[in-house]
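Asker: The residues making up each chain are set out below.
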Amino acid sequence: MVKRFGEFAAVDDVTFDVPTGSFFSILGPSGCGKTTLLRMIAGFDEPTSGTIEIRGQNMLGVPPNKRPVNLVFQHLALFPMMDVAENIAFGLKRRGIAASEARKRVDTMLERVGLPGYGEKRIEQLSGGQKQRVAIARCLVLEPSVLLLDEPLGALDLKLREQMKVELKKLQAKVGTTFIYITHDQSEALVMSDRVAVMNKGRFEQVGTPQELYGAPSTPFVAKFVGENNTWKAAVTKSDSGGVELKTDEGYSFIAKANADCREGSRMDLFLRPEAMRIEPRDRAGLNVFDVTVKSILFDGANSRLLTTTREDHELLVTLPQNRRFDHIVPGDEISVGWHPDSGICFEAEE
Amino acid sequence: MKRIVVFALLAMFVLAGTARAETLKILTWKGYAPQKLIDAFEKETGIDVEVTFSNNEEMIAKLRATRGAGFDLAQPSQDRISSVQEKYNLYQPLDYSRIDSALFIPSMLEAVKKNTKVSGKSFAVPFCWGTSGLIVNSDKAPGADSFKALIDSKYKGRVSYRLKRPTLIAMGFALGYNPFDLYDDPKAYKAMLDKIADTLIEAKPIVKNYWANGDSLLESMRSEEVFVAMAWDAGGWKLHADNKAIDFKAPKEGALGWIDTFTIPSKAENVDAAYKWINFIMKPENAGYFSSQEKYATASKGALKYTDKEVAANFDRSFPQETIDNINWYPPVPANLERMEGMVLDKIKAAQ
Amino acid sequence: MQRSRLVFWIFCAPVLCWLFLLIVLPHLDLLRMSFRGENDYGDMVWTFRNYKTFFTEPIYWLTFVRTALYAVITTFITFLLAMPVSFYIAKLARARIQGALVILLLLPFWVSELVRIYGWMILLRESGVLNFFMLKLGIVDTPIEMLYNDATMIMGLVYTSMLFMVVPLVSVMESLDDSLIEAAHDLGAGQFTIWRTIILPHCKPGITSGSIVVFMLTLGNYLTPNLMGGKNSLWFTEQIYNQFIASFNWNQGSAFGFLLLLLSSFIIWLGLRLTRQKLDEVAS
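Residue numbers (the numbering used here), protein chains in the order written: chain G, 1 to 351; chain H, 1 to 352; chain S, 1 to 284.
Careful, some of the hints might be misleading.
[Said to hold, decoys possible] Derived pair list, reagent style SDA-like, types lysine to any residue, alpha-carbon separation capped at 25 Å: (1) K204(H) to I117(S); (2) K154(H) to T142(S); (3) K62(H) to R32(S); (4) K66(G) to L200(S); (5) K30(H) to G119(S); (6) K347(H) to T237(S); (7) K91(S) to T35(G); (8) K30(H) to T142(S).
Think of the hints as simulated: they come from the structure by calculation, not from any bench.
This is chain G alone, in the form it adopts within the complex (with noise of 0.2 Å):
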């Protein structure tokens, strides 16, 4: 599929195809073109050329309102003139379904969302978890096919937005409906799918599980924009089919595992996650070890980390365990580190 607005190309040549029933997310910053997609896809927007098929069915040229996709809109859209019942059964009056049968749908859709009784509810009146529920519960009353959801976590605050993650995901699972969710969070987009898709500059960069973009990013740009990520920049020394030896611009030597052919001399970008590095390896054997020194303890329960420098001032991400075993580290302990080649992902260096 292709979309240009005049010379720029928003959607530059994507295909993908997402199987029937499962969560499928397309995460990227934002103006990388995954909301062109996600209207194009809904029908708004016509692609420049290349096809959309749902089922096995043609897209193109149908509109939006004779599609069996629906979507969930950034601010959620919802009818303020109409009551929650109405909002709901919306779409199955234009389908010309009965009164009595489209209020029977709306009340079993407003139970599986967990809003049983809110029919009557004018939409100021509900909470902003509320809203959520009812935008998803006007679309899936319609069964479409495919449901799209355009960051519709967005507007939430942090707590609910962790919480509605995870209804969203036991939700589809329920409906069994194919879910199509953009999102510039990754988080979001990891907890949920089934598959995701980085996008960035109008391009798919990888289409993975959540485990593959995390663990084996195919391009620096998803290394980066998956999970945390601490950077280093290198040049190889050695290549061969087990992995690669690469210098650091600060003089360490790594063994580390090789994901594009590299040539002896090649500079490098290498990765390497917070939580690959562990505080004082005790078997050593295999792992690069380097000391380093704590700048400051990054306290986040679970997720805490350690902020700590090389001698050459080369600042990393170290994840602290909070199994009281490091209890004891304070800023400015010294203490030494170490890593797997097989956690190192590097890459071609960027120009």
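Using the hints, position chains H and S against chain G.
Answerer: Leaving out everything else, chains H and S in the frame of chain G:
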């Protein structure tokens, strides 16, 4: 704070200063105070002249609203003075000693004095006179010589008249009444009005529109959208200058003659200037200039000498002696007649 | 504090004086006058006769009914025309064109109503511009008189009222979230349903305030019906004018004036009731 007060006081002084210059406020018809004469008057006397254009009904309404204040001189028709004066006391009696009576045609001056007399005092002097009759495009409507032409289906869609009292009077004559004789007999007058209303309602498909603005009527006649209209003689003569086929025609029932006057409102502020204006404009050369411009004859003795030949020729052409003798001059309108007529006029306009 | 209040009164005083002297006082005087009338002996007495006349003389109340009816029709046509225009200005036009379009709507109001109507008359009259071109192009054989009928009059009234409907509509439409329209479209609604279920309900306050203004302006118009409507179009305001000016019956005229005020307020109240709205909602 102090500054505001000072400023306000200053502003008041300035305003008072401008108001001090002597002005003469005239309430009159369009064209009755030509700019050239105003300039000459201002030069001669140093008095500024402010002119407000109006018509009989609005003149009375305006003066009634202020109970005779706001203007120094008004120019209603002579038949619309005495009843209004009796009821609302809008004017002050004229001091005829301050008017140069030698300037006037004596018979007209006397007639106006007589017609505007209320409890022994007279309220007006004549200024100019004219008639209402027909303006006919003789190429298109050669036979139109009676007010009946206005309701003649021969001229369907080519007729125009005002929906005002002169039309009712004209229709009265056309239907064989003498409305002026019925002025003192409200019942008979009402019966005549009803008959006229029926006639005019029936004739609605014939009339193109009821004109309200003299200039736009003349435009419709000039563009030959309208062939027969009831209007003032001067209008017909203006058109005649451009198109010889169009001319004023006194209908055989007799043209309706009116005299417009000078009156001084009861609360006039600058009475002296009002008298000065009367004596100024009635001078033969000034009155003659007015006649040449507006085509109306004045009550000024000897003004004809100063009137353009062409304009003078209009009178000869349209008013041979027997036509003049046939003119029905408006007598003073008794009170409450207008109310009766107003109702009839509304009825005609509302009818579908 | 003291000082600011003094300043407040100094600035307000002219406005209050203005309101009182030019609006309240004359109305009170008119109200008094409307209850005065001559008895059989020609003396002025207190009476309800002026009001009674309105209801007993068919010509008066019929004229009012006709006027009100035409005002309603005009309001409705204005609304029908203003709706797409406003939608275009508020939603479809680009920002730069938007301003230009509003100015364009405003432009006719830079000349007086009288001039505007004469403009129409020059255009539409038998020997007018439109007929000239139609004759030239061979569309008609003989010129047609397009003035002096109800259709032309309503067109003139609609033309005069357009702006007062478009401005409130544009402002409510600008507050309409585009995604609501897209959401409705996405949920299966066609163009017509979107207008009926989303756009119209959203614009209701704007429609109501625009309609009230247009209705009142049309009902109170004098020049357009008189000049463009011609011989068959007695408008109620003209009747008031005639009572004051032609019949010298100020008492009757005042009574008509107050009846116009009361009856038009009643019609608006009725309209609000029928559409289940409150005036303060509309005003906000």
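Asker: Hint by hint, note whether the structure agrees.
Answerer: Evaluation of the provided hints:
| no. | hint | verdict |
| --- | --- | --- |
| 1 | K204(H) to I117(S) | holds (23 Å) |
| 2 | K154(H) to T142(S) | holds (18 Å) |
| 3 | K62(H) to R32(S) | holds (19 Å) |
| 4 | K66(G) to L200(S) | holds (23 Å) |
| 5 | K30(H) to G119(S) | holds (22 Å) |
| 6 | K347(H) to T237(S) | holds (15 Å) |
| 7 | K91(S) to T35(G) | holds (20 Å) |
| 8 | K30(H) to T142(S) | violated (36 Å) |
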